[in-house]
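Asks: Chain A is already provided as a structure; the job is to place chain B on it using the hints.
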Amino acid sequence: MTSTQYDADVIVVGSGVIGSLAATHLARNGKSVIMIEAGTRVPRWKIVDSFRECGNVSTDAGNRNQPYPNEPWAPSSFVPGYITNSGPIEYVPGMLRMVGGTTWHWGGACWRLLPNDFRLRSLYGVGRDWPLSYDDLEPFYHQAEREMGVSGDDSADYSGHGGAPFPPRQAPFPVRPQAFSYFNKRLREILAEGGYPYTYQPNGRATDPYDERPACVGNNNCSPICPIGAQYSGDRHATRAERAGARLITDATVYRLEKTPDGRKIAAVHYFTPERTSVRLTARYVLVAAHALETPRLLLLSDVANASGMVGRNLMDHNAFSLMMITDEPMWSGRGPVQQGDILKWRDGAFRREHGAIRHEVGNFVGNVQITERLLSQGLIGPALDEAIRHMAARWLFMGSNVEMLPEPTNRMTLSRVNRDFYGLPLMNIHYDVNDYARATRAVIRNDYADFLRLMKGEVFEQNLSVWENRDHPMGTVIMGSDPRDSVVNHEGRTHDHDNLFLATTGVMPAASVVNPTLTGCALSLRSASIILREV
Amino acid sequence: MGLGIYQMKRLTRRTVLACGVACLPAMALFRASHGSGRAQSVHHAALPPDFLALSQLLTGHDDLDTSIALRVWEALLGKDPEFSGRYERLARAVVARRLRDHAAYRASDLPRDALLHGTAVAIVGAWYLGRVGPMKPRSETDTPAFITYEGALMWRPTIDATVIPTYARGGPGFWAEPPATLQTD
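Taken in order, these protein sequences are the chains called A and B.
Taking UniProt numbering, the leading residue of the first sequence gets 1, the next gets one more, and so forth.
Taking UniProt numbering, the leading residue of the second sequence gets 1, the next gets one more, and so forth.
Pulled out of the complex, with its shape left as it was, chain A reads as follows (with noise of 0.2 Å):
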């Protein structure tokens, strides 16, 4: 395939691992990409000392992005301004430009949906069905799971029953799982009497050595930044689609798809450089892997994709409360990595028809941060003060539940009308709300907490059962489907409004279910790779 008429084969732009992934999939089968990123590219020891530095940010609390870089022209999420909010609920998820995207600060977790996740619509009554099925998506979950080196749990059952292995997967694990800590091994003990399954949580960081990644060694700061890289990021793939032959052009700002005269396919990116001047390049695919806010974004600003006027609507995330405690006996979290395991009692039943799914995800972390900011408040100081941590800090348990949302057209993401980014042109606004579906899981999520409380015999530190937190999951923004008038692309990841432009995104994702979407999100982009891959 010759490329004498255009830059590259495929133009990815954004080099987080979504794109990255599938950056890498089609430089290792001969095709020429280029990967536009408009952040920076740091090595992970600057970022680490950075954290160690900047005093707004511990493993369990503060800004995530404060340790990262925050260059005017790819502000981090929480630079004043870069998305003002004017909806009932405040949405503004931690979220980095760079190179390697948003998973620097993850917690690591790796989920396959549920078969029933892509047919809530069929089974359910609510919601959208997806274009394809968890038989669809397989084969490359299995693939995502090899290059990322997920570990799991082969005998779990992530419906949350309790019973047999699921869902179905043509192989093991890639990576075994992580020895539970004493803490999760006596949550586990003590939930299973109140009835509440407690399974493995499938994550990305490195049981034993995986590529050129390290043994996890337990230290307890996944997020904001693993010191290691035991844990994985999208770096990894960004540098071995270059190894590859992809060529990645860093602090390059894409501002505009340009359409062929009839407006049938995408015919050159444009972007800006610091100094702000305009490139322009031409490639037979291009592939927008740019987050599921600046994703919508750019084809707000290009005009593009948007024939059914979805572009930006539908934003969902998994917004719901916490629970903060301190158990009866000490179980000392924070021994091991900052996350290992969930309550999935609500992931899937026939109540989806009533209210969503509800994920209770257990946090594993050093708890002393916020333990000393509470003892000081209250006063105390002194010898009294060292032991009252240390008694707190053995009995400390934090969990963040995760609800289900549905999509809604009036959860929307516009163009800014009052602000602008470096090179002048519209940030984002974002009208969000929640519907009754996901408030009504308030009462379970109530009722579980009572519950969770009585059977550590735990005294409440913190319980929210009011403001509806985020996850920091957006999807829905560049929503997928079958019909071209209710959606922006089709099965394959493929604009219905342009032959060539492909988007890989958790923005594409129609149904939230209740995990994390980061999998998913590369899935569906190998699964769009593929596609390229046979028509380029």
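It is possible that part of the hints are untrue.
Result set (DSSO-like, lysine-lysine): computed pairs, CA atoms no more than 30 Å apart in a straight line [unchecked claim]: (1) A/K185 - A/K457; (2) A/K46 - B/K79; (3) B/K136 - B/K79; (4) A/K457 - B/K79.
Going by beta-carbon spacing under 7 Å, a handful of chain B positions derived as facing chain A [to be verified]: (5) G60; (6) F83; (7) H102; (8) K136; (9) P137; (10) R138; (11) E140; (12) T143; (13) V163; (14) P165; (15) T166; (16) G173; (17) P178; (18) L182.
Just so you know, the hints here were simulated from the structure itself, not pulled from any lab data.
Ideal placement from N, C-alpha and C gives every residue a C-beta, glycine not left out.
Replies: Just chain B, lined up with the frame of chain A:
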């Protein structure tokens, strides 16, 4: 950090080490008679000669890291321009009562004085948290004044059982077993 501050730190450290908690009252008296001429600039305010000794009394730790005392002081002043005055009132009260250690402080009337104890907690909080001011979860502005990460005293009470995050000690999977102290924790 400029040379001026470096020299000041050396002088201060030497003075405090030579003296310690035992001569806190004398030092405070000295400061009371000379304190009015002290620089009031927020960023370059001199470290009070008795700051380390009073910090030791309030925290109950006699092995505070002298090399970060100035950072603690500057962080407290940086977040509260009135802190110098608050500090002086607390120091005078401690001297007036001839309090020599933490037990004496706790037995005194000061823990029940909301304003003075609030100042004491602010000083202790800076040493324990390694910063002054609350973390801002979704903000890049008005962030805490940073002092130290691994040097924060809050890690000490649990250091045998859990890690300072990013400073792992055990090998892979060490966490499968509980800490050796479990039965007595």
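Asks: All hints are to be evaluated individually against the structure, with a verdict given for each.
Replies: Status of each hint after checking the structure:
| no. | hint | result |
| --- | --- | --- |
| 1 | A/K185 - A/K457 | holds (17 Å) |
| 2 | A/K46 - B/K79 | holds (27 Å) |
| 3 | B/K136 - B/K79 | holds (14 Å) |
| 4 | A/K457 - B/K79 | violated (40 Å) |
| 5 | G60 | holds (4 Å) |
| 6 | F83 | violated (16 Å) |
| 7 | H102 | holds (5 Å) |
| 8 | K136 | holds (6 Å) |
| 9 | P137 | holds (6 Å) |
| 10 | R138 | holds (5 Å) |
| 11 | E140 | holds (5 Å) |
| 12 | T143 | holds (4 Å) |
| 13 | V163 | holds (6 Å) |
| 14 | P165 | holds (4 Å) |
| 15 | T166 | holds (4 Å) |
| 16 | G173 | holds (4 Å) |
| 17 | P178 | holds (4 Å) |
| 18 | L182 | holds (6 Å) |
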